[in-house]
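Engineer: Given chain A, work out where chain B with the ligands should sit, using these hints.
Take a look at the letters that make up each chain.
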Amino acid sequence: MGPFLLVTIQVDLYDRLALTLESDLINMVSKTEAKGVLIDISAVSIVDSFMGRILGNIASMSKIMDAATVVVGMQPAVAITLVELGLTLSGVHTALDVEQGMELLRNKIGHPDTHEEGLYDSII
Amino acid sequence: MIVLSKEKFPIEKEQDVILFRNRIKELATRTGMSLVNQTKLMTAASELVRNMLRYAGGGVTLLEIVSRSSIPGVRLTFIDEGPGIKDVHQAMKDGFSTGKSLGLGLPGAKRLVNEFDIKSEPGKGTTVTIIRWKNGL
Ligand SMILES: Nc1ncnc2c1ncn2[C@@H]1O[C@H](COP(=O)(O)OP(=O)(O)O)[C@@H](O)[C@H]1O
Ligand SMILES: [Mg+2]
Numbered sequence: 001m002g003p004f005l006l007v008t009i010q011v012d013l014y015d016r017l018a019l020t021l022e023s024d025l026i027n028m029v030s031k032t033e034a035k036g037v038l039i040d041i042s043a044v045s046i047v048d049s050f051m052g053r054i055l056g057n058i059a060s061m062s063k064i065m066d067a068a069t070v071v072v073g074m075q076p077a078v079a080i081t082l083v084e085l086g087l088t089l090s091g092v093h094t095a096l097d098v099e100q101g102m103e104l105l106r107n108k109i110g111h112p113d114t115h116e117e118g119l120y121d122s123i124i
Numbered sequence: 001m002i003v004l005s006k007e008k009f010p011i012e013k014e015q016d017v018i019l020f021r022n023r024i025k026e027l028a029t030r031t032g033m034s035l036v037n038q039t040k041l042m043t044a045a046s047e048l049v050r051n052m053l054r055y056a057g058g059g060v061t062l063l064e065i066v067s068r069s070s071i072p073g074v075r076l077t078f079i080d081e082g083p084g085i086k087d088v089h090q091a092m093k094d095g096f097s098t099g100k101s102l103g104l105g106l107p108g109a110k111r112l113v114n115e116f117d118i119k120s121e122p123g124k125g126t127t128v129t130i131i132r133w134k135n136g137l
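Sequence order for the protein chains is A and B.
Start counting the first sequence at 1; every next residue gets the next number (the working numbering).
Start counting the second sequence at 1; every next residue gets the next number (the working numbering).
If you're looking for bench data, these hints aren't it; they were derived computationally from the structure.
C-beta atoms are modelled at their ideal positions from N, C-alpha and C, and glycine is treated no differently.
Any given hint could turn out to be false.
So these bits of chain A aren't anywhere near chain B, every CB distance computed over 12 Å [to be verified]:
1. Asn27
2. Ser45
3. Arg53
4. Met61
5. Met65
6. Glu99
7. Gln100
8. Met102
Just so you have them, the derived chain B footprint on chain A, three or more residues with Cβ under 8 Å [claimed, not checked]:
9. 8–18
10. 78–86
Next up, chain A with everything else stripped away, as it sits in the complex (with noise of 0.2 Å):
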């Protein structure tokens, strides 16, 4: 199983600097093999088209990867400010703060002891 990538976003960005953070993850996941990436967004207060775009295409293309992506910290009034823009972010799995985060990402990706008692029960 790979590592998780962990990345907390520390300041609200704009444009080019989303378009940065897109592709050095995308790097990273390729490099490290990660099967998970938390993006930690809980000092970010806002999330546009755009910003929403970018985080979308970061959970597509690690998909390809075979990395599952979940946004962690989402701020309550930016969640609802997205609804109304009318963005949805398919296929990103939210959580509240990364530890629960972590803990979608190990059921997703399931241990390999889970594997086994799957097994096990099948066979009784």
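Structural biologist: Chain B with the ligands only, in chain A's frame:
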């Protein structure tokens, strides 16, 4: 409607945008607007300012605190002298884009504010005005 404060903010390059959004936040905070409404206003502004930069190479914005029936709000005007929009009705539709992007900027911005007005003339430019009232739904 009374104008309580008014300032100009030119938008020429991407780097202006973060400062511009911060300034809107300061004004919105002064009116006592809730965080959710501030976020909606700033997100709408972010969309409109991107359009200005992307389709018109920049422009000028007016930032005002206004008041109607003693209720304060923030009015933002985005003025550019770019190519204008041929069919505004079409541009206001969800998903319509000539820039291969999501096409949510104009219709989304409209949903995020209380008042929205767009005027555009091909060859002349585009002006969009939005208002978010302190406690408008
Ligand atoms: N200031 C502007 N000047 C010229 N055309 C504009 C302007 N703003 C928007 N448009 C046109 O309206 C379309 C829809 O804009 P928008 O809803 O923001 O979606 P998007 O930017 O994703 O294309 C744009 O693709 C563009 O053709
Ligand atoms: Mg746009």
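Engineer: Run through the hints listed earlier and report the numbers of any the structure violates, in increasing order.
Structural biologist: When the structure is compared with the hints, numbers 2, 3 turn out to be violated.
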